[in-house]
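Turn these sequences into a full structure, and let the hints steer you where they fit.
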Amino acid sequence: MRYLPLTSDDRRAMLGAIGVKSIEDLFVDVPTSARQAKPLDLPPHAGELEVERELAALAAKNLAAGQAKASFVGAGAYRHHVPAAVDHLIQRGEFLTAYTPYQPEISQGTLQMLFEFQSQVALVTGMEVANASMYDGATSAAEAVLMARRTVKREKVVISAAVHPHYRETIETFARYSDGEIAVNAPDPTQDENLEALIDDQTACLVVQNPDVFGRLRDLTPLARACQAKGALLIAVVTEVVSLGAITPPGEMGADIVVAEGQSIGNGLNFGGPYVGLFATREKYIRQMPGRLAGQTVDADGKRGFVLTLSTREQHIRREKATSNICTNAGLCALAFTIHMSLLGSEGLRQLARLNHAKAVQLAEKLAVVPGAKVLNQSFFNEFTLRLPKPAAPVVEKLAADGILAGVPASRLYPGVNALANDLLIAVTETATEAQMDALVAALKGAV
Amino acid sequence: MRYLPLTSDDRRAMLGAIGVKSIEDLFVDVPTSARQAKPLDLPPHAGELEVERELAALAAKNLAAGQAKASFVGAGAYRHHVPAAVDHLIQRGEFLTAYTPYQPEISQGTLQMLFEFQSQVALVTGMEVANASMYDGATSAAEAVLMARRTVKREKVVISAAVHPHYRETIETFARYSDGEIAVNAPDPTQDENLEALIDDQTACLVVQNPDVFGRLRDLTPLARACQAKGALLIAVVTEVVSLGAITPPGEMGADIVVAEGQSIGNGLNFGGPYVGLFATREKYIRQMPGRLAGQTVDADGKRGFVLTLSTREQHIRREKATSNICTNAGLCALAFTIHMSLLGSEGLRQLARLNHAKAVQLAEKLAVVPGAKVLNQSFFNEFTLRLPKPAAPVVEKLAADGILAGVPASRLYPGVNALANDLLIAVTETATEAQMDALVAALKGAV
Amino acid sequence: MDARNTHKDSPAIIGAHPGTATGNRALMIEEQLIFEQGEPQRTGVDLPEPPKVTDRLGGLARKTDLGLPGLSEPQVIRHFTRLSQKNYSIDTGLFPLGSCTMKHNPRLNEKLARLPGFGDIHPLQPVSTVQGALELIDTLAHWLRTLTGMPAVAMTPAAGAHGEFCGLLTIRAAHEAKGDARKRVLVPESAHGTNPATAAACGYEVESIPATPRGRVDLAALKAKLGPDVAAIMVTNPNTCGLFEDEVIEIAKAAHDHGSYFYCDGANFNAIVGKVRPADLGVDVMHINLHKTFSTPHGGGGPGAGPVVLTAALAPYAPTPWVVHGANGFELIETPEGPAQASVGRLKAFNGQMGMFVRALAYMLSHGGDGLRQVAEDAVLNANYLLARLRDVMSPAFGDGPCMHEALFDDKFLEGTGVTTLDFAKALIDEGFHPTTIYFPLVVHGAMLMEPTETESKESLDQFIQALRSLAEKAKAGEAAFFQAAPRLTPRRRLDETAAARKPILRWRPPAPAQAAE
Amino acid sequence: MDARNTHKDSPAIIGAHPGTATGNRALMIEEQLIFEQGEPQRTGVDLPEPPKVTDRLGGLARKTDLGLPGLSEPQVIRHFTRLSQKNYSIDTGLFPLGSCTMKHNPRLNEKLARLPGFGDIHPLQPVSTVQGALELIDTLAHWLRTLTGMPAVAMTPAAGAHGEFCGLLTIRAAHEAKGDARKRVLVPESAHGTNPATAAACGYEVESIPATPRGRVDLAALKAKLGPDVAAIMVTNPNTCGLFEDEVIEIAKAAHDHGSYFYCDGANFNAIVGKVRPADLGVDVMHINLHKTFSTPHGGGGPGAGPVVLTAALAPYAPTPWVVHGANGFELIETPEGPAQASVGRLKAFNGQMGMFVRALAYMLSHGGDGLRQVAEDAVLNANYLLARLRDVMSPAFGDGPCMHEALFDDKFLEGTGVTTLDFAKALIDEGFHPTTIYFPLVVHGAMLMEPTETESKESLDQFIQALRSLAEKAKAGEAAFFQAAPRLTPRRRLDETAAARKPILRWRPPAPAQAAE
Ligand SMILES: Cc1ncc(COP(=O)(O)O)c(C=O)c1O
Ligand SMILES: Cc1ncc(COP(=O)(O)O)c(C=O)c1O
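Residue numbers (numbering that gives the first Met the number 0), protein chains in the order written: chain A, 0 to 447; chain B, 0 to 447; chain C, 0 to 517; chain D, 0 to 517.
What the hints contain is simulated information worked out from the structure, not anything from laboratory work. Keep in mind that a hint or two might mislead.
Partial pick of chain A residues on the chain D-facing surface, computed with a CB cut under 8 Å [to be verified]:
1) 1
2) 4
3) 35
4) 38
5) 39
6) 41
7) 44
8) 46
9) 49
10) 80
11) 83
12) 92
13) 101
14) 105
Pulled from the structure, derived: some chain C residues nowhere near chain B, Cβ distances all over 12 Å [unchecked claim]:
15) 140
16) 175
17) 483
18) 500
By construction, the Cβ of each residue, glycine as well, lies at the ideal position given by its N, Cα and C atoms.
In structure tokens, the structure reads:
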């Protein structure tokens, strides 16, 4: 078998060196009742060609966004063009097949990259420090809530109704067995949500998203002030990190913790994972942060180098007292993020954000011709909510049958909320051509 | 522009350091009449996404063999499965973006690989030594003829009529301006060719192919004896190197020079290039060989290392007296060959060859049901000649329209040779499924 | 001239190697931070002019500069290529990091995960357009169920720790469904840190179970601690000492007798895959690190995937989304309703780690049922070979029985040499090997835990053994200074971790303007 | 303890570094030949059982063992990864190899060349199924014609030397068509070796033209040698001294006046692409190295592609196959007939180097007309920056005028130091740079030819300059021994090339059985 270097001669010689007769002698500690005498009921080994055929057949049963006539699906995952250099570099064996950098002398590549990643995340979010990544944006948000509770030693959590419902659910799951209420309004893309009212002196934190799940932009400064007044922390969620190239970052609007989904930069859609959770906060909170941190130091020759640091926060040292149980994180996705961000730079990220916004505005304007349909947003970045004259879900299904991925029906995120049944979330990135926009408009005209 | 690091500030500063005012001052030696005042009439620079769209559109206009319903096209280029590890490794920047290993201390990777390549080529061809590659199999064959003429100091060349016509034409082009006749019989896949008769004491070399262009196998031993008797060299051509896993190698049958197309191992079809020419011969002829040679030596610490050697044969030292004008060769394709061959090993190459042969036999038997069609070969490896009841070219066109690539009409290789008009060369590799064979059989039944 | 020995005259060029003006060492090139190379005007991408529109940013347009460095593509390629060359990896050498299962990562799997049909599909596309993806998840789930003998599997956890969290949530939900609020979770001393951390995250008190001198769970002590308020025991098997819990069936029975669940940490599943089904050991719930047993690359720290297999009793509480067979093909249940109404809810934003699923399934299909069994046997054989060949010069932590997939040593053999486990590990680096896991598990003094995995050849193990033996002899020969100065030949020598933690520098900052500096 | 200076006590670990038992040097790992690692039974592939058939091999079944080593995939990945780490490359650092144009190789181009529509099409598929491929070749031809101002281009040559061969064949064919059998080709002393070698391969006598003290072709000497039997002159422009032949128009005229053709070696086209059209210089035929100017990767020695642009007079003789516009799309003329009846014939088995064509066109489309012009300007600017910054410590070969894309120095500045150009180059290796081209062109003593290309940043040039300056000072300071011992920090130190050539070992051979050895 191609992945197994031992030959039968090797095996014989090694058993001899060990001083046992058969491989079974090495499994003596396994209760005989539990030993499988023969291979389980599974297909036998197969060659590359056969495996490739089988999986390619499965892949062919999916409609890839790039192969669809058009795709405007967003709501927390965005299809951007990732430069070829990114995928080339993350596949270098020294990055791909390395472990967590526990031996810094032979892990400076990963460690310096993580230091650069942390610096980039801090810069784009407008925060002071960032960690070396979490599983995804939603788990970052959940960890932020737990951190806020630890930090201000209160339990109540206020979550904006316009935070991505999957993020809210993830927070609820993580917070499931710690007491303290979670307050949420009813979602309404046509109204500004009153959040100040929910913040009281029991409140540990307020969680808001910007742009929110309906695509709306909001100045967080008043909310930050409100939180400060009550001694609560403001947690800002960003699901489309490209927006930070065009929008005032949460850090500048007074957020205490910024969590984001980093997938848009350097990472593909991958049906939802692996993605990369960004986690940034203020310097004074670092000892409460979850996750790994790369830090700068010097070596025995006095040269600058990097190490994992402040691990006394982490499970492998602190065990049940750790700030989080996370161990494996999203290292390689963070690398992809860092490489793509290095290619962009300030100039490239600004241009990319401008391009996304301009194309979104362009489509929003084109949609005016769809009878009975209305863009609900006053403001937006690259995604907005279109209210249709009829339920959105069947319309999306119909267009999908014609190879057009129109967007995400709000009802998929808010099942049972009738007020949102006709709403369709439409995302537009640099990958959308004007022809594809026109195809969507035409198809919607035909479907409503 | 993404590939150009200099900023306008850099340019200004550098012009200053040089002491000139403008970039034009550096082009002063160019006659003003010849300087282009402005950009030529070509499109402006474009981003990755745009370039990718444009070229992907061109690619989409071709019928890729892997996307065809079935493909049996061979005749000198073969579609084999190349393990994913091969393409991964040849893309490592240290291999991909290195130059010819002129500085051995920092080129041991390329040099050791070439030494391994040369060793593998010598082993599979059954010869004593091999060089570090030529452009392709045809130019290898042409260089072999020139080498034979140098070595035995005679001009006449005998070429078997069953040598791939493109190889014969390439030899003729290379030999175009050196005198001496080139003798060739009329091609006939139904008869054994009498070559002995053409070899006389003016003859420098005999060029034969095995398996020949019609797929037939031939014991070269009598030809080798005939050549020896007349003091001529036997040059054996192999266009499908996978065959050497199943067939007695030319070296064992007395060939003096073996040239081959290495594409089948590690390299894709690429519409004909880049490929990799293999060139092997006897130790006593090394100083007459064309192309680069990697050799073993020791370094200043007495450790084994590798260098380019015997370069006194080459153009950069010998200039007009060089054994060949070749400089750039097929390095990276040789690397792909070496990696794939390393994965195969004796066992894998043997199995691969057996699999190819068995599938070819299987298809040859299935074709018995095609009315009026007949397999002409007594013997073959993974390719044979099917004589149809009607001209093959239109049949191939018709099947191609239905997405089946049936093979190569002999008329494409021997235009105007009416005797071969109905002949179709059919190649079968491990990539062909039985369903695809049946599809071909069915389609041929419908077409004849 | 004879270059052979002239280097003797210039010792200075090692370590700090002042011998070069650049500080570079031939192929090992010093590399600055991207922030130190960037130019604001420069960019490594080319984008078309946006359509002219009036902005809809609602007055929130970013005003401050982003402060990111600008680099061209050639600079970026060179930067990250150079950084990568400062890493050790499986692709470059033996990586015997115990408990981490650093096995070969097949390149086929990387290729397949990038097929547009897997890599370029959106988690919120209509389910009708992702039937192949759901079928892949379902197929992978079938393999996992068959290999473990468990009836159900939760696919969404993103890593082992996430899987532990998932598992304990289902346990707690199951107890509470019975109105049985239990408070304690029992965890062996030798457990990985994520075990107690996870139990705490689920609101449980953690109590530790001592180990026997044989490096196993002390069954008697366990029974003594079991009681009506124990929600679960978390036992790793094979355990972190590389030993199979030979009393595991009794352990499970004891737990069940007290109404507690048996959470098994499956990080070491590689030792028994295809040979032993956890279901046959009495396991109620177990996570599997696809990035260990099933070879998805570690990527310098992640990503991973940690599916959790469950008994029928715990299955109803599995997190959303669920992939189920429906009338017209596969369906995705995304909220706690219908069959999933008892679900503990969502663990992350979207479906599982699809990219890892493709790789893991490709790995499984490549090995097949027969090959996976061989994987376990070769992994165990390799570890025992190391144990046998090192027994006489190093000190095995537990007696002379066989180990499973990893061999554990303590630092007795270094006693009195002045060489610590850390020094020993650093010396191994100069020899061209990644060190073993050190100082874990905590139950062993100066632990060295070595897991070769099945993808190492005998030749490479023999080299490793030779290096370890010569180092052990060197240590005993009293060359402590040599070890304390190691590593010498790395891009960086030992790094000052205390300084790093005392005054943390966690990000680059623009250099303070000259006048400000004093 | 203080590790800081302990390395001082162990100088031995550099060079041969006996300091390690394995001979490895941390991340730099010694690697044996695959033949020394193989096991006959092992293989790195899995193939299905073949269908049962009776063989048709006509009695030629291979009987002898192949003798190839058997390795598993993990071993192969590690072997070639380790080997790669012993290479210097553009991706790792500055590669200022004069005359080689070692510029950045964009990864986009690698990706596009692998699209199945390009990589997985057969050269003998029906032409109707490869229209996109033919259109790509036609589009690339259009760019090449536009950039050179020449009306025709032959696409099949596989490299520069192959292109030279193609060019001289067309010239000879053209003369002979006029019944004018010319015998001589004039080639400057400074020419690349392939020029005279190619002329000889076409049956011509080669005569060399001297250079002026200004490093250009001596026009007077050229005129003196021109005559009715001169078939062509082969002039490289910009020439191999990195200088533009400022009298090129007169040179062309002189040749044409004698009925000779002007073959231009276009290897240095990078200096003038988009700025100067060879047609405007009187060139009749010129090859272009796509693997230089148009960035297809060098791959450690190849493959390349060497299309040849031609005047209308020479076009009819272009080699087959030809891509032409036909009634129903593109057509391929594969034999000398119809419009191609005068063709010199086939140069290689199939169409051109398609894989290189895709990369080159992607490069052109990415830069556009404007970008290519910028390429030439930046390439020339970078070279002149090196020249200007090094003028005072090294010795420019030719006066103080500007150079084109490469700067040429001789070894005057090393006079009396005991340091040779070779020693100087080897010392540069330890500093982390690939040496310049050395001892070429032959017209300059101890030549050092440095071509930075446009894809180097000012920062990297400044580092390079600093290293060169400090080495130049070191040499003048009389540290000859330091240079003679260089390189010290490489995987191997200087290799004995004389021994290699004296008793060539060109392949691995199985070790002789013990008893045989004496
Ligand atoms: C025994 C054990 N349990 C749990 C974990 C945690 O798994 P992960 O890192 O995937 O979260 C690990 C891996 O580090 C482990 O070795
Ligand atoms: C000036 C010059 N002419 C010709 C050549 C030969 O080109 P190639 O190596 O592509 O055959 C080269 C490249 O080495 C060169 O530098």
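Quick rundown of the hints versus the structure:
1. Hint on residue 1 (chain A) holds. Least Cβ distance to chain D is approximately 5 Å, under the 8 Å limit.
2. Hint status for residue 4 (chain A): holds, given a least beta-carbon distance of 4 Å to chain D, under 8 Å.
3. Interface hint at residue 35 (chain A): violated, since its Cβ lies 23 Å from the closest Cβ of chain D, which is beyond the 8 Å cut-off.
4. The closest approach between the C-beta of residue 38 (chain A) and any C-beta of chain D is roughly 16 Å, which is over the 8 Å cut-off, so the hint fails.
5. For residue 39 (chain A), the shortest C-beta to C-beta distance to chain D is roughly 19 Å, which exceeds 8 Å, and the interface hint is violated.
6. Violation of the interface hint for residue 41 (chain A) is found here, the shortest Cβ-Cβ separation to chain D being roughly 16 Å, above the 8 Å cut-off.
7. At a threshold of 8 Å, the smallest CB-CB gap from residue 44 (chain A) to chain D is about 6 Å, leaving the interface hint in force.
8. Look at residue 46 (chain A): its Cβ gets to within about 4 Å of chain D, closer than 8 Å, so that hint holds up.
9. The beta carbon of residue 49 (chain A) is positioned within 8 Å of a beta carbon in chain D (closest approach about 7 Å), and the interface hint is therefore held.
10. Nearest Cβ of chain D to the Cβ of residue 80 (chain A): about 11 Å, over the 8 Å cut. The hint is violated.
11. Because the smallest distance between the Cβ of residue 83 (chain A) and any Cβ of chain D comes to about 4 Å, under 8 Å, the interface hint for this residue holds.
12. Taking 8 Å as the C-beta contact cut-off toward chain D, the hint placing residue 92 (chain A) at the interface holds, the least distance being around 5 Å.
13. The beta carbon of residue 101 (chain A) is not positioned within 8 Å of any beta carbon in chain D (closest approach about 16 Å), and the interface hint is therefore violated.
14. Of the supplied interface hints, the one on residue 105 (chain A) holds, with its beta-carbon coming within about 6 Å of a beta-carbon of chain D, less than 8 Å.
15. Non-interface status of residue 140 (chain C) relative to chain B is upheld: no Cβ of that chain comes within 12 Å, the nearest being about 25 Å off.
16. Here residue 175 (chain C) stays apart from chain B, with its beta-carbon at least about 48 Å from theirs, past the 12 Å limit.
17. With a cut of 12 Å on Cβ distances, residue 483 (chain C) stays outside the contact zone with chain B, its closest approach being about 27 Å.
18. With a closest Cβ-Cβ approach of about 35 Å to chain B, residue 500 (chain C) is found to remain outside the 12 Å limit, as its non-interface label requires.
Against the hints set out earlier in the document, violations occur for numbers 3, 4, 5, 6, 10, 13.
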